[in-house]
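Chemist: Residue numbers (UniProt numbering), protein chains in the order written: chain A, 1 to 355; chain B, 1 to 355.
Since the hints were made in silico from the structure, they are not lab data.
Hints may be right or wrong, so weigh each one.
Pairs involving identical chains hold if they fit within one copy or between any two copies, as the list cannot separate such chains.
Said to hold, decoys possible - Listed below are the simulated EDC-like cross-link pairs for lysine to aspartate or glutamate, each with C-alpha atoms no more than 20 Å apart in a straight line:
no., residue 1, residue 2
1, Lys19, Glu316
2, Lys19, Asp344
3, Lys14, Glu253
4, Lys158, Glu118
2 protein chains.
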Amino acid sequence: MNGPFSLPRRAPRKVTQPKVTLAHGGGGTAMRDLIEDVFLETFSGAGHAAPEDQARFDLSALAAQGDRLAFTTDAFVVDPLFFPGGDIGKLAVCGTINDLAVGGARPVALSCAVIIEEGLPLETLRAVVASMARTAAEAGVVIVTGDTKVVARGACDKLFLTTTGIGVVRTGLDVGIAKGRPGDVVLVNGLLGDHGAAILNARGDLALETPIESDCAPLHDLVATLIAAAPGIRMMRDATRGGVAAVLNELAEASGVGVRIRETDVPLRPEVNGFCEILGLDPLYLANEGKLVAVVPPEEAEAALAAVRAHLLGREAAIIGRLAAERPGRVVMETRFGGERIVDMLVGDQLPRIC
Amino acid sequence: MNGPFSLPRRAPRKVTQPKVTLAHGGGGTAMRDLIEDVFLETFSGAGHAAPEDQARFDLSALAAQGDRLAFTTDAFVVDPLFFPGGDIGKLAVCGTINDLAVGGARPVALSCAVIIEEGLPLETLRAVVASMARTAAEAGVVIVTGDTKVVARGACDKLFLTTTGIGVVRTGLDVGIAKGRPGDVVLVNGLLGDHGAAILNARGDLALETPIESDCAPLHDLVATLIAAAPGIRMMRDATRGGVAAVLNELAEASGVGVRIRETDVPLRPEVNGFCEILGLDPLYLANEGKLVAVVPPEEAEAALAAVRAHLLGREAAIIGRLAAERPGRVVMETRFGGERIVDMLVGDQLPRIC
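One chain only, chain A, in its complex shape (with noise of 0.2 Å):
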């Protein structure tokens, strides 16, 4: 970590020039200046401890709160980078934060490295760091260590941001994809697709009267919910890419098992469904950045959905279909007319740069 935020705390410098400049990425004052006046004092006015040099954690604290350590990153190029409902800093940290979540893990620390175009107005760099400390204030996370490169005019798209979180595993608590059975519930925790589409409708001209807003947001804390609820519960998976039917997918094909949903128990909100209607767009497959696939024992489906509802990012919550031994492998939806199709993987995404 020879990087940005491993450097001694003193007054910072004010970084005064309105752009990122190479400079700032060269591991000299103008990188210490950067880091020290955007970052550090950013993170640490955040309501949290000041990233330090060298990020350590006290193994028998994490040991206290669970039996395994989880790891997991993400890198985070959407465009634009701000968007109705959140940008890529929030975007960053939720993502991450969500990863943790749904593999059981409680959210400990993230690390954020940084590739910025030479020429990024300081403002913007500003923006989006102060929305990530926010966001993991908000979330009760540190953001503990980082790293902080700058490239050329035209060798990056204004910013990428790569988030690393660790966690700590409930004791007991064995999720996984492949652990869904025949008879087990799909629970899903709210209106879906927001996100691809209110980033498809920031990119284009369509021009919806009402903007279509973002679902970002962590859920750490409806997923503690949700287990307390349901503790034989079988997996939890955040539906970004390729949407709830990749999700679907890869449980059909991990668990050996049917998934069957029924597209009027699919929770939409009617703009998003008019927006795929209108682009031709399949809402299943659409990104979404705040919304988790739940699988659940059925004695436990009720309850879990109960407190799904109750909680503030889960007020939307639905059973949207079941697993069965038959057709393994396969994602089947009833549709509104009563037939039947099989919602497959795409090969690619609808869209680019998505998340």
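Model the placement of chain B on the given structure of chain A, informed by the hints.
Modeler: Chain B in isolation, oriented as in the chain A frame:
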């Protein structure tokens, strides 16, 4: 970790396209094929376990190795991707191993997030991933989880990697940039500036007869040797961006000491020295990727030097100076002509995209 290495295992489908497409980052079957064929097969074939769905580590097994978890991240944007002595993959694995090692930690595992430009030849990606796998296997470190994003042509330059590492800090070891004391001895493990010179030479048209090779190497084993020989060691730092000059300046400031080095004791390859003279560069500021600066108490200096010199990666190790109470915060070099000059921190680097 909805990402790459988290998909269920099955016989991978070979990716036959010659180039990476946007679909390879889209969360569908194309992405899955890419991850399984290029990443999972390579990493699992390199002598260690296959990356799993949600990377998890037994906390009691970690605690048996030491009392603290170390956590560090770095982004890699080096240009060109391949250079004499290494490539971006080797660099990304060594860089994060070295960050862990100089913090006193034994490296345990890495994550890897990849941002790929549409159109990157598959062959290039395979070569980089194979290099990562080889380097990690040689170092006894596993790459356990990751993520893949693909951006449109022109939105990034070929390939960026971010590696994040976890490791366990040796119980009782207390090293840090602020721990230097007057009288302590400053040691480096070999010839300085090779990486910076290698990259610059690989880019330019100086066309040296013997190309300079990067010193890119994992330092964890050397660090273990050094700590065993000098248990009272104060600090270690790998001298990457900003070179030895940046490390010594941070040390001087954080420890509140003066750093005094002798030009004639600084180990330099004659080719690198000549290269620097031609281009007007100062080798003290050139990046290294297999060199560390260590500060040890005077009574352990000889043992430390002998131990490092006996290691394959430390044959040209040298004591280059001492810490002093005088001129705190300053790095002063006695020149070969008997004069003195201040080795200040640069504002930026001598060259961008060095790592």
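Chemist: Starting from the hint list further up, note which numbers the structure goes against and sort them upward.
Modeler: Of the numbered hints given earlier, those the structure breaks are 1, 2, listed in rising order.
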